Amino acid sequence: MSKPHFLLYSLWESFRMALEALRAHKMRAFLTLIGVVIGVATIISMMTVLGGIKYKIDDAMLNSLGANVFQVQRFDQSGGIQFGPHRRKWRPKLKAEYAVEIKQRCPSVKYVGVESWSFGRRITRGGLETNENQSIAGGSVEFAVNNSRYIAMGRPITEQDISSARRVIVLGFDVYKTLFAGLDPAGQFVRVDGQKFEVVGVFEERGEMFGESQDTENWIPLSTFERIYGEKSVNLTVAAWDPTVYRKAQSEVHEAMRIIRGLKPGEENDFAMWTPDIMQKQFTEQTAIIGIAAFGICGISLLIAGIGIMNIMLVSVTERTREIGVRKALGGTRSSILRQFLIEATLLSLVGGAIGIFLGYGAAIFINESFNFPAPVPVWAVFLAVIFCTGVGVGFGMWPAMKASRLDPIEALRYE
Amino acid sequence: MNGERRPMIEIRELRKIYDLGAVKVEALAGVNVNILENDYVAIMGPSGSGKSTLMNLIGCLDTATSGEYFLAGERVAGLSDKQLAEIRNRRIGFVFQTFNLLPRASALQNVELPLVYAGESPSERRRRAREALEAVGLGDRMKHKPNEMSGGQRQRVAIARALVTNPAIILADEPTGNLDSKTGNEIMLLLETIYEKGNTIILVTHEEDIARHAHRIVRLRDGLIESDEVIHRAA
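In the order they appear, the protein sequences are chains A and B. One rule links them: number in this note's numbering = place in the first sequence (from 1) + 999. One rule links them: number in this note's numbering = place in the second sequence (from 1) + 1069.
Treat the hints as calculated values from the structure; they're not laboratory data. Predicted model, so just to flag it, every value in this text is computed and none were measured. A few of these clues could be false.
Claimed, not checked - Below, in silico cross-link-like pairs of lysine-lysine (DSS-like), each with a Cα-Cα straight-line distance of 25 Å or less: (1) A:1102 x A:1092; (2) A:1102 x A:1280; (3) A:1402 x B:1214; (4) A:1094 x A:1109; (5) B:1212 x A:1025; (6) A:1247 x A:1195; (7) A:1247 x A:1094; (8) B:1214 x A:1025; (9) A:1247 x A:1102.
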């Protein structure tokens, strides 16, 4: 083209005309857009919520065990949603004595904590009682630090408590709230499964995750626990000296455990090692599946939306046959007509996309508020939505636009 | 004002055959005609005579089956779609019976449209469209939409649109066909003033009265030129 800014003027003009055409048929445009809106809103809100879940899980995982701590337990932990059957072979219990042996065999290990769990307990005080969701952990002195629990009031369980199997308890915040409601619990007594315990401390509050309280764990001496509940399989919480030897400590412990358990080379482990990042990985895999599903929904709505756009553009081309004829008579080329209708289709799709981003953002904010996720709308999802909408507009607008550009000007001018 | 007038349109043995599958219709059967610069020609003929076909070919909206057509010395036959579009844009101004204005656009926007395709800048477009509208006496109707104007005013907008690119030829197809006779006369007077400014005007009509405004009448019948007469109008 001889004129310097021809393309720019022509694009701007096409854009302006497309905007006018949409304005002339607001209702029709809106109905066509619903598919795009749903598709984009789905992808934006799902991506935001998934981002929020991931953030929350990462945060929870980081806080679930103390720094440089990993766990040895009898079975693999199943976290989140499980797909397919879950097989579980019999395995010998893990014993508290292993802790000493691991400490001896593994130079990278700072200390080994031992804990044994009883779930679904109820704790009472006089006429007051908690729900049946309380967990009792019989733990060694490392329990609090290995589980990154902090003592808000009183003191933790000590070596003396353990060596003389005292009936003392550090309460979770839920129990404290329910049974003491702001009173000083020090020296007071509670009952767990009929057994009387003296309260020596209270854990700091952790709050909720996914609507579930994180403050249901109560700590008693391991020795006391085993007298009441018997010798269960324990969990070993192993702390490495520092982050640089964290992996090394894991492989040392792995070796030590195989020796302790008397496993032959090639024999399958009859214990499980659990690190926070394993759980994270599981969750990441599961959220990826949800993400793919969201993309599927988005893809289907965009496909339907695209067909809608194609349909409306075909109607528009037919309605404006005469206009196309006039434009051609006045010097409009095939490519300028093609461009005009493509821009119109793309604009239609992008307007839907913008509404979708807006709605998806709204939905995401609502969900984030309700479930307390601190997650922003991911910029890449917005970017992707814009690219998708442009693709849908251009892709599904192409045929109608080509139809328009190929109209014979004489017939188009004669069209009634 | 005669003197050294150059030929604007030279047509040699122009044929147009429509292939309708079962039958072939010969709309133009070898037309020869020259139209000079600043000529004012009316093309007449009953329906089926080929006058519409001839007009479409002159207007570069269609291409001939055979024969030659030179527009201002340029050979039109065999030009691409894009080149034809450029010729329509720069050399020909169309005036239609049904005005063919864009309904949602203002008078000013309608007149700007050919300049959009010519690639003019927005400010230049506006300036020239204003000038063209003022020239047809619609300086006070620029923001009006077609449905806010009378038939005569609409046709004036269409004429302004035809003039705005300064084309050599104004091609008017039944320009008064949708107007009452008084308004029609006003439009014909407007065309006369355009002619006097030096444009070549080709008028397609079936009305004798309207054709009398031209200075030359070419009559078609069965795809051939039946007569070609120069009108000597009483001053």
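These are the hints, each one checked on the structure:
The suggested pairing of residue 1102 of chain A with residue 1092 of chain A holds, with an alpha-carbon distance near 19 Å, which does not exceed 25 Å. Restraint check for residue 1102 of chain A and residue 1280 of chain A: not satisfied, since their Cα atoms lie roughly 28 Å apart, outside the 25 Å limit. A hinted pair counts as satisfied when its Cα atoms are at most 25 Å apart, and residue 1402 of chain A with residue 1214 of chain B does not qualify at roughly 28 Å. Of the supplied pair hints, the one linking residue 1094 of chain A and residue 1109 of chain A holds, its CA atoms being roughly 19 Å apart against a limit of 25 Å.
The suggested pairing of residue 1212 of chain B with residue 1025 of chain A holds, with an alpha-carbon distance near 23 Å, which does not exceed 25 Å. A hinted pair counts as satisfied when its Cα atoms are at most 25 Å apart, and residue 1247 of chain A with residue 1195 of chain A does not qualify at roughly 43 Å. Of the supplied pair hints, the one linking residue 1247 of chain A and residue 1094 of chain A holds, its CA atoms being roughly 23 Å apart against a limit of 25 Å. With a C-alpha separation of about 19 Å, the suggested pair residue 1214 of chain B and residue 1025 of chain A falls inside the 25 Å cut-off, and the hint holds.
With a C-alpha separation of about 14 Å, the suggested pairing of residue 1247 of chain A with residue 1102 of chain A holds against the 25 Å cut-off.
Consistency with the previously given hints fails for numbers 2, 3 and 6, ordered from lowest to highest.
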